[in-house]
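Sequences are here, hints too, so could you generate the full structure?
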Amino acid sequence: MTTTFSQRVTHKSLLELAHAVHATIQGPTDLLISGISQLSDATSGDLSFVLKPAFHQAAKASLAAAFVVAQPIPDDPRPQLIVPNPLVAIATLAERFFLPPLPPRGVHPSAILGSEGRIGPEVSIGALVSIGDRVQIGSRVTIHAGSHIGNDVVIGDDCIIYPNVALLDRCILGNRVILHSGTIIGSDGFGYAQLEGRHHKIPQLGNVIIEDDVELGANVTVDRGTFGSTTIKRGTKVDNQVQIAHNVVIGEDCILVAQVGIAGSTTLGKNVMIGGQAGLVDHITIGDNVRIAAGSGVTNDVTPGFIVGGRPAVDHATWRKSQVIQYQLPELRKEILSLRKRLMLLESRLNETTTDS
Amino acid sequence: MTTTFSQRVTHKSLLELAHAVHATIQGPTDLLISGISQLSDATSGDLSFVLKPAFHQAAKASLAAAFVVAQPIPDDPRPQLIVPNPLVAIATLAERFFLPPLPPRGVHPSAILGSEGRIGPEVSIGALVSIGDRVQIGSRVTIHAGSHIGNDVVIGDDCIIYPNVALLDRCILGNRVILHSGTIIGSDGFGYAQLEGRHHKIPQLGNVIIEDDVELGANVTVDRGTFGSTTIKRGTKVDNQVQIAHNVVIGEDCILVAQVGIAGSTTLGKNVMIGGQAGLVDHITIGDNVRIAAGSGVTNDVTPGFIVGGRPAVDHATWRKSQVIQYQLPELRKEILSLRKRLMLLESRLNETTTDS
Amino acid sequence: MTTTFSQRVTHKSLLELAHAVHATIQGPTDLLISGISQLSDATSGDLSFVLKPAFHQAAKASLAAAFVVAQPIPDDPRPQLIVPNPLVAIATLAERFFLPPLPPRGVHPSAILGSEGRIGPEVSIGALVSIGDRVQIGSRVTIHAGSHIGNDVVIGDDCIIYPNVALLDRCILGNRVILHSGTIIGSDGFGYAQLEGRHHKIPQLGNVIIEDDVELGANVTVDRGTFGSTTIKRGTKVDNQVQIAHNVVIGEDCILVAQVGIAGSTTLGKNVMIGGQAGLVDHITIGDNVRIAAGSGVTNDVTPGFIVGGRPAVDHATWRKSQVIQYQLPELRKEILSLRKRLMLLESRLNETTTDS
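Protein chains in written order, with our numbering: chain V, 1 to 357; chain B, 1 to 357; chain G, 1 to 357.
Just so you know, not all the hints are guaranteed correct.
Unchecked claim - Straight-line distance between alpha carbons at most 27 angstroms, and here's what the computed DSSO-like set of lysine-lysine pairs gives:
hint, chain 1, residue 1, chain 2, residue 2
1, G, K334, B, K334
2, B, K341, G, K334
3, B, K334, G, K270
4, G, K201, B, K321
Don't read these hints as lab results, they were simulated from the structure.
And the structure:
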């Protein structure tokens with residue numbers, strides 16, 4: 001197979017890039033930059049970046065044309081853009097100069113629009129998108145091909161909805177929300193009333209509210225509230241294949257890594273970080289700034305600021321110690337058996353001694 | 001962002017609601033109800049519900065206009081609908097009076113229909129749905145926008161297929177089946193024949209059979225049988241992001257919580273409940289009425305009626321005790337070291353004593 | 001519900017099947033075969049197969065008309081096709097004689113094609129497919145209904161893309177790649193630069209490269225590289241609901257079972273096998289021929305050829321021993337308490353003895 005393809009290359013002057021992130025330049029400045037790369041992948045023409053001095057050696061070996069750094073790489077003649085936070089600078093440069101252009105504005109002729117909707121200016125609605133009735137869409141929104149927007153949905157400004165998303169009836173997006181492909185917003189919560197051994201569906205009448213600056217990865221599922229709303233608050237970022245059940249509330253600026261599952265009515269505070277594949281049971285409260293290790297199973301409330309891990313999740317120090325010792329169990333068992341033998345021996349000797357004396 | 005939107009409010013008389021669930025009314029009866037809410041979210045006009053007396057205090061604090069209860073809330077002047085099972089009553093009321101209407105009947109002009117199909121009366125086929133050849137669709141079925149129905153599929157009566165579902169060739173749905181968005185029925189099973197270090201695909205020739213009253217959540221995957229069928233039996237409910245492999249058989253009235261994975265050819269009896277993120281290996285048999293704790297890894301057959309947990313899953317009591325002790329391991333190890341020291345001391349003392357005597 | 005449907009049955013002569021896999025026939029040869037089945041499901045007319053002599057009894061009870069075997073079933077008059085590897089033979093027969101035909105070649109009139117694309121001969125593009133600009137599609141490719149192909153995508157020869165896939169901008173498929181329904185290739189990696197308590201998106205400028213003979217299951221997600229590529233190499237097979245993060249490299253001929261998650265920039269060698277629901281942290285290296293048990297949490301590099309398991313994953317023998325002992329912890333604790341008591345008794349007795357003497 002061939003790995004080349006028709007990429008349209010942009011060339012940007014190093015000076016322009018440096019100005020955009022208020023960088024001090026060390027070294028030559030008359031250079032054109034065609035892309036951004038990690039140190040190991042960079043080719044001539046690329047701008048790369050050094051996140052800490054430990055990578056100076058890798059930087060010297062890199063073929064990059066120039067670097068963004070916090071501390072200059074010693075003895076390297078190539079141009080270096082010095083900034084306080086190289087990762088933030090690279091994010092800014094990537095967004096301003098190297099992002100592919102958004103799709104053309106307007107409504108593709110194959111898209112299906114419902115009635116009584118309101119669409120803001122500079123919106124792009126892609127091929128084979130279907131939009132329900134009474135939908136409100138803000139300014140500069142992009143809805144990519146194949147997505148479905150249900151009835152009575154409200155979408156704020158500058159949102160991006162990638163291909164094959166389903167944003168279902170009555171759900172609400174704030175501004176600058178990004179939904180990646182395959183993500184489902186507003187599926188029914190999992191609620192049944194048990195009667196005579198059968199499960200009777202409790203209709204799910206609520207919706208989902210997603211606030212400003214939230215990004216949800218690919219194939220995420222967010223159930224609508226049974227009654228009331230499932231809510232994801234401002235600035236929270238959610239990775240692929242995360243499951244968020246009905247009536248969950250996720251606070252501001254949280255990070256949920258891939259394949260996390262959160263059961264119904266659980267509430268997260270602000271700035272909570274959850275590692276991949278962790279699961280949280282229903283109806284618990286996770287305080288602000290809590291960190292939950294990957295793979296944990298959280299079964300109880302967690303106090304603000306705590307770090308927890310394990311199944312069931314306990315405080316981080318206890319969990320880490322037990323994790324180490326679990327693999328010493330075979331030796332511990334041997335030790336216990338050996339102690340028992342020695343003890344029996346002592347007991348019988350002491351019995352003899354006592355009898356003797 | 002704004003969180004208001006154009007919801008079309010229905011007003012129902014309390015008397016009508018009470019009659020529908022055969023409730024005894026305590027308190028005033030001349031009231032109009034505009035929605036159903038949980039106690040904490042209710043606003044004036046809402047009907048709420050009390051599942052147990054422990055919530056009587058919360059009910060008093062609630063702004064709800066009326067309540068569905070099993071035992072009356074003492075000293076509350078608001079109307080109370082007394083029923084034997086409040087949750088069942090609320091489910092009935094939600095379904096009969098507060099569900100949004102189904103989409104209009106008929107075939108949307110943008111839908112693509114294959115040849116030789118048979119479509120029952122009062123069916124709704126949404127925008128941009130594609131349907132293969134020789135498909136049979138029963139009465140009153142709703143297929144929402146963007147879904148795909150493969151060749152030779154059979155769909156019973158009163159099914160609801162939400163947007164962006166793929167129901168693939170030759171699969172069969174019973175009556176009143178609900179498939180939520182992003183769910184895939186009939187993807188290929190994961191089967192390869194190893195030869196000279198490479199994996200050769202075993203074609204997956206079977207199908208999936210989903211019986212009456214089954215509901216599958218969002219982004220669920222159900223693989224077709226390699227040969228024969230993968231089967232989900234009557235009344236079983238499956239939450240989001242569950243994976244069901246080829247030739248699995250799931251009995252009647254099971255509950256599978258989110259992110260569960262079941263490997264190939266495993267068989268579940270009736271009324272099995274599996275907690276979130278649990279995994280079951282291939283080719284095992286789970287008896288009727290088994291309960292499997294969230295996060296478990298089941299590697300062996302489970303006897304009917306057993307409750308199991310852990311990785312690997314064992315009987316519930318053993319698992320729970322071990323779970324507690326795992327976090328006492330650091331102290332147990334200390335205790336063992338201390339016993340060893342004391343024992344050595346005793347041994348040397350006894351040696352001296354014996355030598356002395 | 002009815003479980004019958006209009007399947008078009010093919011009849012093949014047993015002799016033709018035997019020739020196709022170079023089998024020796026024992027027993028009668030003048031037979032027509034209408035399908036392939038497992039032993040227990042087979043009906044008259046079916047060819048079944050016996051993978052090991054332990055199944056000879058099941059074969060005798062089976063209603064199959066004929067068998068593919070490595071060693072003949074003793075005392076069974078039915079025809080037996082003797083081959084060195086029955087599973088490989090069955091895979092070959094299933095593919096050559098019993099696979100449903102591919103959809104008709106050509107572009108469905110409802111498909112939307114972008115500009116400047118190049119489409120090879122004998123391609124099939126299904127209903128309501130949307131294809132971006134500058135897309136290159138090889139010979140004999142099948143793109144099923146409802147899938148979306150982004151701008152600048154390259155697709156090799158003989159690929160099959162099932163319904164409702166999203167293959168996003170600039171991603172590259174080799175030859176004979178199979179993508180199952182709901183799978184997302186090229187979603188953004190999960191990368192943010194933290195600044196003043198907020199998460200700033202790092203634009204994801206890379207792509208995904210999927211080499212020849214790779215098969216990805218349903219609802220899989222593969223993120224694009226932040227810069228550079230996420231790569232899945234030749235012959236690797238990935239089950240449903242697997243998450244592959246940005247810049248991951250997966251070697252040749254690996255097997256990833258359902259619901260596995262691999263975090264960013266982790267590298268797998270050749271022929272690695274990962275059991276279901278295992279998770280791998282970011283930036284680690286897994287050597288060739290490593291096997292990782294289902295449900296493991298891998299937090300460190302793994303040496304080529306190692307078998308690991310557990311959370312955190314350790315070598316297989318240690319993990320298995322600890323797994324067994326974890327459930328003996330209650331007895332071990334009792335034993336420790338009993339040893340302590342006996343030791344105290346001995347100590348006091350020895351004190352007395354010493355004092356006495």
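Hint check:
1. For the hint pairing K334 (chain G) with K334 (chain B), the CA-to-CA distance comes to about 15 angstroms; that is within 27 angstroms, so the pair holds.
2. With a C-alpha separation of about 19 angstroms, the suggested pair K341 (chain B) and K334 (chain G) falls inside the 27 angstroms cut-off, and the hint holds.
3. Proximity of K334 (chain B) to K270 (chain G) is assessed by CA-CA distance (about 43 angstroms); at most 27 angstroms being required, the pair is judged violated.
4. In summary, the hint linking K201 (chain G) to K321 (chain B) is not supported, as the alpha carbons are separated by about 45 angstroms, beyond the 27 angstroms threshold.
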